[in-house]
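Asker: Same order as they appear, the protein sequences are chains C and L.
Residues 11 to 554 in the numbering used here are what the first sequence lists, from first letter to last.
Residues 36 to 189 in the numbering used here are what the second sequence lists, from first letter to last.
Source of the hints: derived by calculation from the structure; they are not laboratory data.
Heads up, some of the hints might be wrong.
Stated by the list, open to error - Coverage of chain L stretches by chain C, computed from C-beta distances (three or more under 8 Å per stretch; other residues unrestricted): (1) 44-51; (2) 60-68; (3) 112-124.
These numbers come from a predicted model, not from an experiment.
For every residue, glycine included, the Cβ atom is placed at its ideal position computed from N, Cα and C.
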Amino acid sequence: MSFADSFRSLDFLEQAQALQELQAKPADEAIAELLPLFTTPIGDTAADSMVRSSLRAMLQQDDALIIDGLGSKEQAYAALCLEMAGSRKLAAAVPALQEKALTATDPEALQSTLAILGSIGTPETLPLLRHHAGHEDAVVAALCIQYLGSLGDEQSIGTLASIIRTNNAEDRYNVCEITTWKAIEALGDIGTKGSADALRSLIEFIHHNNPAARRIVQETLVRCGEISIPMLAPALLDPDIDSRIMAANALRDINHKAAADPLIKALEHGAAVDANVGFAIYEALGQTPGVKSLVALTDALPKEAEPSTLMAVVQALEALATPMLGKRMGEIVTDRMSAHDPQAQRILQAVIAAHAIQLFLFLYTDPVIGRLLMGLLFKCDDPKTMAIFLNALGNATGPHVDADMKALQAAVPADAADRPKLLAIDDSTAMRSFYRTHGAAIGFDVTLAEHGREALDIVEGQQDAFDVVVVDMNMPVMDGIQFTEKLRAMPAYAKTPVIMATTESGRSQATLARQCGVSSFLPKPFTPEMLQNKLGKILERSNG
Amino acid sequence: MSTGIEVAKPFINATVNVLATMADIHPIPGKPYVKKNTVAQGDVSAVIGITGYKNGSISVTFTKKCAIALVKAMLGDDIQDLLQDTKDAVGEVTNMISGQARAGLAEMGMVFQGATPSVIMGDNHSITHVTKSPIMAIPFSTANGDFTVEFCFE
Chain C
11 MSFADSFRSL
21 DFLEQAQALQ
31 ELQAKPADEA
41 IAELLPLFTT
51 PIGDTAADSM
61 VRSSLRAMLQ
71 QDDALIIDGL
81 GSKEQAYAAL
91 CLEMAGSRKL
101 AAAVPALQEK
111 ALTATDPEAL
121 QSTLAILGSI
131 GTPETLPLLR
141 HHAGHEDAVV
151 AALCIQYLGS
161 LGDEQSIGTL
171 ASIIRTNNAE
181 DRYNVCEITT
191 WKAIEALGDI
201 GTKGSADALR
211 SLIEFIHHNN
221 PAARRIVQET
231 LVRCGEISIP
241 MLAPALLDPD
251 IDSRIMAANA
261 LRDINHKAAA
271 DPLIKALEHG
281 AAVDANVGFA
291 IYEALGQTPG
301 VKSLVALTDA
311 LPKEAEPSTL
321 MAVVQALEAL
331 ATPMLGKRMG
341 EIVTDRMSAH
351 DPQAQRILQA
361 VIAAHAIQLF
371 LFLYTDPVIG
381 RLLMGLLFKC
391 DDPKTMAIFL
401 NALGNATGPH
411 VDADMKALQA
421 AVPADAADRP
431 KLLAIDDSTA
441 MRSFYRTHGA
451 AIGFDVTLAE
461 HGREALDIVE
471 GQQDAFDVVV
481 VDMNMPVMDG
491 IQFTEKLRAM
501 PAYAKTPVIM
511 ATTESGRSQA
521 TLARQCGVSS
531 FLPKPFTPEM
541 LQNKLGKILE
551 RSNG
Chain L
36 MSTGIEVAKP
46 FINATVNVLA
56 TMADIHPIPG
66 KPYVKKNTVA
76 QGDVSAVIGI
86 TGYKNGSISV
96 TFTKKCAIAL
106 VKAMLGDDIQ
116 DLLQDTKDAV
126 GEVTNMISGQ
136 ARAGLAEMGM
146 VFQGATPSVI
156 MGDNHSITHV
166 TKSPIMAIPF
176 STANGDFTVE
186 FCFE
């Protein structure tokens, strides 16, 4: 009687012993005896698992047996050998695996073989992976792309770029395909392994038409970190404004001091002529530690007149605030005042609007500037802003502190309950401050959110519906388009005006936004007056 | 490092298999795509957190029509409380999909542990996936409405 047949009639302990004895035999013989038990299991979980473990132990003794088993007609056995070739990263198994992949008839077998080949990760596999990167089954193709990335295959850069480009076309960008996602990440992986070409290729898609793809490009560049900084530099001066903004945002998130140079150079080359680009660059400088950023930002103070840009400068300086900086800023404001330049007033206005508490406390100690700041505060008409500065004054020093606190307390406007409600959603801190200040100035009770998801949470938890929503287009977590889509699905918000504030200039993006229910657009940059006009009109319409 | 696309296929297969076995529903997978937000594309979802070879989560979201077809197929006329039974059926099916897919993956040397599913209902409910990586969604169509399977692995 064969080993397998007699094994089936033994009790558990005897089976264990029989397996142990079997292991003393040469591995190939032992495997041949054991195989029938593996391919036709006994049906007893414990015994079957014991058989499987013994088989594994035997195969582990000799890699040649594993490679041999890959071609076995017994599917379960071939699968076990496949798994072991992968877990043992058997480079010697690669030719046999490639043969298996070439003869695979269904995507299933192909995909599992490719997965193992990819995890073994030898360069011999590259031609096969390249060949299947365009496979009609998207999962198989995406898998190959993923491994082309992890193997750092520079030869594939062109193919990967063309996958992303195809998805960027006018009739294709609505959906982010998984091959695009993997191709973006793969370019990042190849770049991380030292290929500047891969990163340059990736940056070409920094302003991809599909928001999800755009976001993945951005995240991938940030993940690559410092090495992508020099590649991003030219994009800061790209003729396409949106690409410049995306490049500045990537540099902001990379958060490395090496980003200061390209950002400052871009300013010197006039990138900030466009207010949105200026805004993004200053915001990025605020996140870029180092003296260079500080100098560039301080230099911008007397020059940047556009309110939102100036607010970005102040916000960035607030993040880097020191007593030295406070002193320098005081000198700049005094200098502008003595030149009768309205910029002095604009700077102080930006300090209030940006809630720049640190800078405020430094400036407040100056006898003249301190009075000007208080004057602006009394006029700001926003209870939240007043409350914040009232609180800050608690830490201030000077002869007027007590009197100022009392006066400010008395000036805080009454309850906000009957004001119309505005929800403003933007991932930029400076832009949120902008909405808060200028929304409140025309009588709105302003609520802020950093991204669509946070805004949806606020909307869901709110008893009274918002009267107007202003939303940015590009944001992390959930972008403006997806937010609007979800908002529109709520009965209470079927008709609420939703204004999309965007730097996006392309028609494709406007079409996307209209389709999801955006009522109107407010192209960035806009002055406080433009925002107030837009909001005022909407309010009149809903009141009338 | 890239998200492991190699784990996707076994989940797709398990989904087709479990629904065919349990409810005689024969779904046809559509073209997978990347979904960025967390809002579900249907009315009832089950989510399972997964740890091991990679960490992540998978979810299955049914439209109302498809969920009811599933409950009817599984329970016949013995529906006591539609809401409770739907929750139960969707959770159970997802659990089976997760179990079967994990068994397949373990054979390929990728060992995962799965938690118990949590079921969420309601219009526009959101699904919180465990990681921040892009979410891959696979739409399925059936004679009784559609459903979506989502994965998110770090």
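Asker: Now, for every hint given, state plainly whether the structure supports it.
Answerer: Verification of the hints:
Remark: the stretch 44-51 of chain L is confirmed as covered by chain C, as 3 of its residues place a Cβ nearer than 8 Å to a Cβ of that chain, reaching the required three. For the stretch 60-68 of chain L, the stated coverage by chain C is satisfied: 3 residues place a CB nearer than 8 Å to a CB of that chain, which reaches the threshold of 3. Using a Cβ-Cβ cut-off of 8 Å, 0 residues of the stretch 112-124 of chain L lie near chain C, which falls short of the minimum of three, so the contact claim is violated.
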